[in-house]
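Undergrad: Residue numbers (our numbering), protein chains in the order written: chain S, 243 to 704; chain Z, 69 to 267.
These aren't lab readings, by the way, just hints derived from the structure by calculation. Small disclaimer: the values here were computed from a predicted structure and weren't measured. Every residue, glycine too, gets a C-beta built ideally from N, C-alpha and C. Mixed in with the good hints there might be a few duds.
What the hints assert, rightly or not - One side of the interface only, derived from the structure: several residues of chain S facing chain Z at Cβ under 7 Å:
{"hint": "1", "residue": "Pro267"}
{"hint": "2", "residue": "Ala268"}
{"hint": "3", "residue": "Val284"}
{"hint": "4", "residue": "Gly293"}
{"hint": "5", "residue": "Gln329"}
{"hint": "6", "residue": "Gln330"}
{"hint": "7", "residue": "Met396"}
{"hint": "8", "residue": "Pro495"}
{"hint": "9", "residue": "Ala498"}
{"hint": "10", "residue": "Val504"}
{"hint": "11", "residue": "Gln621"}
{"hint": "12", "residue": "Met649"}
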Amino acid sequence: MSTKGKTLFDKVWERHVVHQIDNGPAVLYIDRHFIHEVTSPVAFKGIERRGLKVFRPEQTTATCDHNVPTLYQELPIKEELSRKQVQQLAENCKNHNITMFGLGHPFNGVVHIIGPELGLTQPGMTIVCGDSHTATHGAFGSIAFGIGTSEIEMVLASQCLIQAKPKLMRITINGKLGKGVTSKDIILYIISKLTASGGTGYFVEFAGEAIRSLSMEARMTICNMAIEMGARGGIIAPDEVTFEYIKGRQFAPKGAEWDKAVAYWKTLPSDPDAEFDKEYTFDAADIEPMITYGTNPGMGMKVTGTIPENEPNTKALEYMNFKPGQKLLGMPIDYVFVGSCTNGRIEDFRAFAQIIKGHKKADNVTVWLVPGSKQVEKQIIEEGLKDIFEAAGIPLRQPGCSACLAMNEDKVPAGKYSVSTSNRNFEGRQGPGARTILASPITAAACAIKGAIADVREFLNN
Amino acid sequence: MEKFTTIISSCVPLNVENVDTDQIVPARFLKATSREGFGENLFRDWRFDANNQPKKDFVLNNPTYSGKILVAGKNFGCGSSREHAVWAIYDYGFRVVVSSFFADIFKNNALNCGLLPVQVSEAFLAKIFSQVDKDPRTELKVDLENQTITILATGESENFEVNPYKKECLLKGYDDVDYLLSLKDKIEAYEKSRIVFSV
Ligand code: SF4
């Protein structure tokens, strides 16, 4: 019998296998299920057609985020189809006894922001949602991944999914991060090295000193974008930073249960002799503030860099109206978007505020600041960040996915350049014809001040 | 779900890599609450210009090509997990997508909806593209039972992988939810030993 150590992923996976199909995938039990208005309606139709009720309604939590306007949320949603989808979700939740944090509710927000924020996301859990960025929750040491609508139907019907075990990859980032380098830069750097499909077929554990040094918010940014290198999800071992973050949150274990939980969570990290199917190691010192120049998140470079002379994806460059060998630093931009489940947490707005404080946004840029949730919005106001933004000429909007995928009114016009803290620079992602440049919140702040692609390190002392 | 049998059909070549699901169905078309009718918006922004006029140079608008098989470049279906992408491809009339690489969630979604993702080698993919270039009516045969794909004109053939459980489901038109419901006792037994911490 092999005595080889286990990975964090193995430990969590094994605890959730209800049944192993011979020669096939496993039936995996799901602890926590999140739903939103866009991908769930057809799944509810499916179980209703079968005459079923939701099997474990208390393990599903709903929010509306993708479609919602980020101004005047108090009023009925103007756009008819969006309004209908949100209403449909509310109706489905009511019929099936599912808790929903609807528009205006103090717990409403982007699904991957509110799960962690409410303490619903915990180490050792299996977590799914009909949304690829469910990977975010892996930052807590849980197995979290996005699923399709047919799979939502399976979870609603049985609290289980049929899943083949993925291969495991470990990416270790050694050393300390340089000035102006954030977790967004780490993940953009990794994807630029591995390409947008380099993680396909794998679940990725992120490890190493540079990862350990990160806050929970920053870890979530990394796991969130694991999907952008094609991976099923990302996962980070829980530690004191994790426990500290969860402690006292709405749905976190309390009292004696808390102690029991922490004792269990401490057993989860990968054993020292655990083996991975693939390993990569990077040095934090090599990472600089990053931007993307193409139409997939793998097309990234340092903000001071030049587009590769031999860039094979000419279609992307054409779309972006860029040339091989071009330097982007100093290039005028039109929009800045700060928000999304990648960088819409309180820490992101604090970081943005630190740079923008005492400056004005450039006249040629429109800046959209969209909190990831009602709670983030509340904190922004309470901490006085909103005043800093307003002094810089930037109003604060209301929570939602907003310009991350432009399903609501927040669309970047065709041909315009947008520096965005979201996760995807696909063609048309921020509106038909929009040109997206992904960056960290502090790089976005520097760009907002200069009205052009800027190096945030200019704004940092020492 | 419809049973999947052997398919012999001409194909539509889409020689583009990293086709993401935002291109397959742009987000603004995700507002429907039922799964029918998405075919109209398949590759919407590649197919139609801002005035909803078909773009002549896009392959789906080229009457030379048709069939139940879509052949696409590497890393097909990356990006968003939207199953709508699969519904759109299926609703448009495709039953097979051939590529040298598929994004994971897309592959799962496709298998759950009766759309067969056939992953072939780079070399075989190149052969299909060049054959279709020579003759747009080139037919491919996709045999799920034997897990082979064949270019009928040249007889060249390659095996493809498919998870045995999913294969069974596709051949029988069997559905995952039915299967899971049959395990209800097992699931309830599992729940008794599950690790949970109360709030
Ligand atoms: S913020 Fe963007 S990536 Fe995140 S859930 Fe919303 S649409 Fe998806």
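Undergrad: Confirm or reject each hint.
TA: Hint check results:
1. Checking Pro267 (chain S) against chain Z: minimum C-beta separation of about 6 Å stays under 7 Å; hint holds.
2. Checking Ala268 (chain S) against chain Z by beta carbon gives a least distance of about 10 Å; that is not within 7 Å, so the hint is violated.
3. Interface hint status for Val284 (chain S): upheld, as the beta-carbon distance to the closest one in chain Z is roughly 5 Å, under 7 Å.
4. Restraint check, Gly293 (chain S) versus chain Z: the minimum CB separation of about 11 Å is more than 7 Å; hint violated.
5. Against a cut-off of 7 Å between C-beta atoms, the interface hint on Gln329 (chain S) is violated, since the closest Cβ of chain Z lies about 10 Å away.
6. At its closest, the beta carbon of Gln330 (chain S) sits 5 Å from a beta carbon of chain Z; the interface hint therefore holds under the 7 Å criterion.
7. For Met396 (chain S), the interface hint holds, the least distance from its beta-carbon to any beta-carbon of chain Z being 6 Å, beneath 7 Å.
8. Interface hint status for Pro495 (chain S): upheld, as the beta-carbon distance to the closest one in chain Z is roughly 4 Å, under 7 Å.
9. Residue-level restraint check for Ala498 (chain S) is violated (minimum Cβ-Cβ distance to chain Z is 10 Å; threshold 7 Å).
10. Violation of the interface hint for Val504 (chain S) is found here, the shortest Cβ-Cβ separation to chain Z being roughly 9 Å, above the 7 Å cut-off.
11. A distance limit of 7 Å between C-beta atoms decides the matter here; for Gln621 (chain S) the minimum to chain Z is near 22 Å, and the interface restraint is violated.
12. Hint status for Met649 (chain S) relative to chain Z: holds, with the closest Cβ pair at about 5 Å, below 7 Å.
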